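Asks: Residue strings, one per chain:
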Amino acid sequence: MNAPMTQPKIRVRGLKKYFGDKKVLDDVDIDIVAGTGLVVIGGSGSGKSVLIKSILGLVTPDSGVIEIDGIDVLKAPRAQARALRAQIGMLFQNGALFDSLPVWENVAFGLLAEKKIKRSQARAKAIEFLAQVGLADNVASLSPAELSGGMQKRVALARAIASAPAIMFFDEPTTGLDPIMGAVIDELIVDCVKRLGSTSIAITHDMASAVRIGDTAAMLYEGKITWTGKASDLLTSANPVVDQFTHGRAEGPIKMALRR
Amino acid sequence: MKAILNVIGHIGAVVLDALGLVGELAIFAGTGIGAIFRPPFYPRRIGAALMEIGFFSLPVVSLTALFTGMVLALQSYTGFSRFNAESAIASVVILSVTRELGPVLAGLMVSGRAGAAMAAELGTMRVTDQIDALSTLSTEPMQYLVAPRLLAGTIAMPLLVVIADILGVMGGFLVAWLKLGFNPNTYLINSFTNLRAEDVLSGLIKAAVFGFVIALMGCFNGYRSKGGAQGVGAATTSAVVSASILILALDYILTQLLFTAK
Ligand SMILES: Nc1ncnc2c1ncn2[C@@H]1O[C@H](COP(=O)(O)OP(=O)(O)OP(=O)(O)O)[C@@H](O)[C@H]1O
Ligand SMILES: [Mg+2]
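Protein chains in written order, with the working numbering: chain A, 1 to 260; chain B, 1 to 262.
Hints are computed from structural coordinates only; laboratory data are not their basis.
For clarity, every value in this text was computed on a predicted model and none was experimentally measured.
Each residue gets a CB set at the ideal place from its N, CA and C atoms; glycine is no exception.
Not one of these hints is a red herring.
No farther apart than 25 Å at their CA atoms in a straight line, the calculated lysine-lysine pairs in the BS3-like style are these:
1. K224/A x K22/A
2. K194/A x K116/A
3. K115/A x K125/A
4. K23/A x K226/B
5. K224/A x K75/A
6. K224/A x K16/A
7. K226/B x K22/A
8. K194/A x K125/A
9. K226/B x K16/A
In silico negatives: residues of chain B with every beta carbon more than 10 Å from chain A:
10. V22
11. A26
12. F41
13. G47
14. V60
15. S91
16. L108
17. R196
18. E198
19. L201
20. L204
21. A234
22. S244
23. L246
Given the sequences, and given the hints that come with them, work out the whole structure.
Replies: Okay, structure coming up:
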């Protein structure tokens, strides 16, 4: 068992997911080395969210292998799969804040559930995390519905990182934020991931952000990973699909695929 | 020939769908009941569900019971006075209310109020990923969302029905005394001499079953709803309709099981 040095933290092979007749994921392969960050890019509706929800166990794929720490969570016994997935903290694309609970209880939810803190300390702890995402303590007692979309996103980020998960998934962390706040959140993600030594997958449409938070990058296109490489190479890739996508060109292979 | 085969195929598909749904419901109910007895427990959630199902349903259940008791006294007077059997009115009112009308009417009312609210809340949580978010935060949604509601429904309904019974009997009493001119003492004596513990008890057993069914249908329909606001609306409707039908059907079955002819 000398494997852990080379064994990726997350390994996906031949992942397929259909919704009815619609082919969303078709043979997706991914490797993420422990302690590194992967950025997934791809057009709207290309299956990025479905991909990370499959790893989380929220979507059941039709076939394929999903390994966390070398164990296939699709075949492992329920309890073991659950324990492996419990390492994952997730920022949902739409925030998914609990609207029946105040902001501070949302942020402290995971810590309370894991009994890492007492209820009496939860509020103070939550306010610390809110400060990290640039929110003042007067936000703590508001209900999520009273926040702007960008503020909700930041509360959701605070909730996702509060219990210091070993794996973090960020589904469009900076969408809906102004450019400065976006950069601040990127820094926070990088800082958090590096400090905790976490492994991360981030989905983003923002190329500047992708380069900042990713070590490696993958482009999902027509149900497959068409390109993987260093995140810093995203903007200079010779792959025509990646080139067109990252530079937002109207002309190129992607548009033709849509027209067909 | 092809048309006939189509029709048979269609019927088959509908039957399979329905059976699949029953199977899903059975698994959901089993998981939910299991979750009630498995830690962690969420006393706060149970408390909130008790308030929602029990306390906030009090006004509507009370009013329904009161008016039902009043109408019952008037109607049975019309009937029984034709046989000079007015003295039976007290018995008829108290037996109908405790054995039958208390639990059934309270059940229908609570299903319209609390069952609908449950389906809407869980449905919204489902379509906005909140249920998925729970499971990424070390919390089992069945235990956090469903178990407390099932438990609270089963506890709250009998309590509501005790109050409904009292108000229903009081409604009948007030009409008999103030409108029909009965002697209040005689009416009360007539009421309680014929009442047995099992009359009240059978009503409370029904209430507990109905409470469970209301919470189950609210949670089940909310939990599996999909497709945005429209899906949540549909879940709410089917929670109320299915709970109401089940209450009426189970009422007959339970009455037969608990039937005492004495
Ligand atoms: N529960 C579901 N039922 C049916 N189809 C679904 C479901 N979830 C996703 N899809 C479909 O799968 C495809 C991929 O969806 P997904 O949410 O992964 O896209 P995405 O890449 O995250 O896009 P975006 O960048 O817009 O968030 C879409 O076409 C969507 O319609
Ligand atoms: Mg998405």
